[in-house]
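There are 2 protein chains.
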Amino acid sequence: MARHTLEYPKDATNTVKRYNAHAVYALETIHRIVNTCQILHVSFNTPSQPFPVTLPMIGQMGSFDRPSADLGDPLELYLHGYVSSRMMNTCRSSDSGDADSGEPQGMPVCIAASHVDGLVLTLTSYSHNYNYRSTVLFGYATHVTDEAEKLYAMELITNSVVPDRWRHTRLPPTKAEIQSTGILKVRIASGSAKISAGQASDDKTDMSNEAMLDSTWTGVLPIYHTMGDPMPSSYNRVDVPAHVTEFANDFNTDNRQLSLDAAKGERRAL
Amino acid sequence: MARHTLEYPKDATNTVKRYNAHAVYALETIHRIVNTCQILHVSFNTPSQPFPVTLPMIGQMGSFDRPSADLGDPLELYLHGYVSSRMMNTCRSSDSGDADSGEPQGMPVCIAASHVDGLVLTLTSYSHNYNYRSTVLFGYATHVTDEAEKLYAMELITNSVVPDRWRHTRLPPTKAEIQSTGILKVRIASGSAKISAGQASDDKTDMSNEAMLDSTWTGVLPIYHTMGDPMPSSYNRVDVPAHVTEFANDFNTDNRQLSLDAAKGERRAL
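Chains A and B, in that order, give the protein sequences. The first sequence lines up with residues -7 to 262 when you count with the numbering used here. The second sequence lines up with residues -7 to 262 when you count with the numbering used here.
Derived from the structure by calculation, the hints contain no laboratory data. Among the hints, a few may not be true.
Since the list can't tell identical chains apart, any single copy or any two copies may satisfy a pair.
[To be verified] Using 20 Å as the maximum straight-line C-alpha spacing, the simulated EDC-like pairs for lysine to aspartate or glutamate come out as follows: (1) K9 to E202; (2) K256 to D221; (3) K2 to E20; (4) K9 to E141; (5) K196 to D231.
Since this is a predicted model, take the numbers as computed values, not measurements.
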C-alpha cells in the first residue's frame, strides 16, 4: 500500500496507558473491529443521574458524502436506534448547536466494540489472559434527518447484518418505516484499539517450577462466533439463497481462522 | 421455587421504555447474563472530558460476606482491572467518602453485558431483528483492599473464565501478584435486562404480498460462541485435563442449544 496509513491522533482521551504495546491507532484496524462487531455498546450521559447509560446497538462505519470511501479513510459511525428511546431524547436536547459555528455539536458518546478470540491458560492465575480485539471510539452523535442520508444508513446497517440483504427485502421502505427508524450519526473525535494475540506465556520463576510444569495444562482455548444452519420461518416458501449461505460460510470460516491464528500468535492483516 | 423472586426496583434509571415487554428485572436472570458474558463493558466518567469512557473488563457477581449466596440473591459485581489504569485512578479519587455515612460512595459506573443469539431475517429490512440477551447494571465502584476479599474475588473471577481453574494453578498467588492485581467491587444500585427470542415475524400487509413471499427467504440464523480444540503451549507437558474438556463440552452444548431454542421462540429457564 503506497499511501499513508491514517491514524487517530493520540491525545488525553484516547491514549492507551496500560499494555500500550498492544495499542493500535490505525483507522483501518479500528473501523474493521467496529464493522465486524454485531453489537456495539454506546454510552452517554443524561442530566438526571450520576451513571453513564450504555445501550447495545447495531452500527456501521460509513460515509454518506463519499460512499466509496475505504475502511482506512475518515468515516462516520451510523447507529440504529429508536426515536422514542432515552438516548434519542437526550441527543435531541443536545442538538441545540455550537455557539461558534452554528453547527449542531451533538451528544458526547463513547462506543465500544470487542471480540474475544481465545482464553489463554497459564501456570498461574495471574498470567491468565484473553486473546481479544477491542476498540473504543469517542464522538458526537446527532440525529440523521435528511431522508437520502437516512436511507443510505438503513441500507448500510442492514447489509452489515447480512451482506447484500437490503436488495433482497421489500423495497423501498414505506414513509412510515423511514420516519419511525431512528438513525444516529457519530462524528468521530478520536479512537484507539487494543489487540492481544498469542500463545500462553509464564514468567521465569514459574517456568522453572518442574512440579507445576508436570501437572498443569497450559495453552489456548480458541473462541469464535459460529452461525448454525439457517432455520426457515413458518411462512418461508423459498430455499436458502446464496447471499445467506455465502455469508454463513464466510462468517464461520473467517471467525474460526482468526481465532486459531491468534492462538498461534499470528495475526492476519487487520 | 417457593421463595419470592427478587427483582431490582424500577426507577428512573433502570426502567426500560422501548419494547418494555422484553424487559426483565429479576436478579437471577440479570446476574446470569452477566456471569456468562466473557467481556463486560464498564463505563464511567472522568473530569477531563465530555465523553464517558468504556473499558472491556472481566467480572463476576458474587458475595464475599455470604459466598454461598444464590444467583437470585443480592450480589456485588467484582471486576478485574489494573491499578495503574485510568479507571482505577479515577475511582480512587472518588473514594473520598460520603459525608453523611463516612462510607466510601465510590465511582458511578454502568456495566453492560450482551449476548447475540441469532439474526432474524424478515420480508422487510424494518422488521429485521436480533435474538439477544442484554443487561445493564448501575452501581458504585470501589477498590478492594482487604487481602482476604481480594483473594476471594481473584478465585471467583479465575473460575468464571474456566470453572475450577483456580485450584489447577500455582497457589497461593505471591504477595506481588496480589498487590499488582486490581479488583473493583461494584455495589449495585439498579439493573434491568432485555431478552428477545423468537422466529421471524412480518406485519399483515407484507404477509399478503405474494410476490415477496415467493421470492424472499425468511427465518433465523442462529449465532453462538464456540470453543475450538484446546491448543497446548510450547511448554505444556500434560494431557488436556477434565476441568478443561468438561468446560469446553458444556460451553459448546449450552451455547448452541440456547441459540437454537431462541430461534424456535423457546427460552429455557434463565
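Against the structure, the hints:
1. K9 to E202: neither (35 Å within a copy, 58 Å between copies)
2. K256 to D221: between (29 Å within a copy, 13 Å between copies)
3. K2 to E20: within (16 Å within a copy, 42 Å between copies)
4. K9 to E141: For K9 and E141, the Cα distance exceeds 20 Å both inside one copy (37 Å) and across copies (27 Å).
5. K196 to D231: Close neither inside one copy (58 Å) nor across copies (23 Å); limit 20 Å.
Going down the numbered hints, you'll see the structure goes against 1, 4 and 5, while the others check out.
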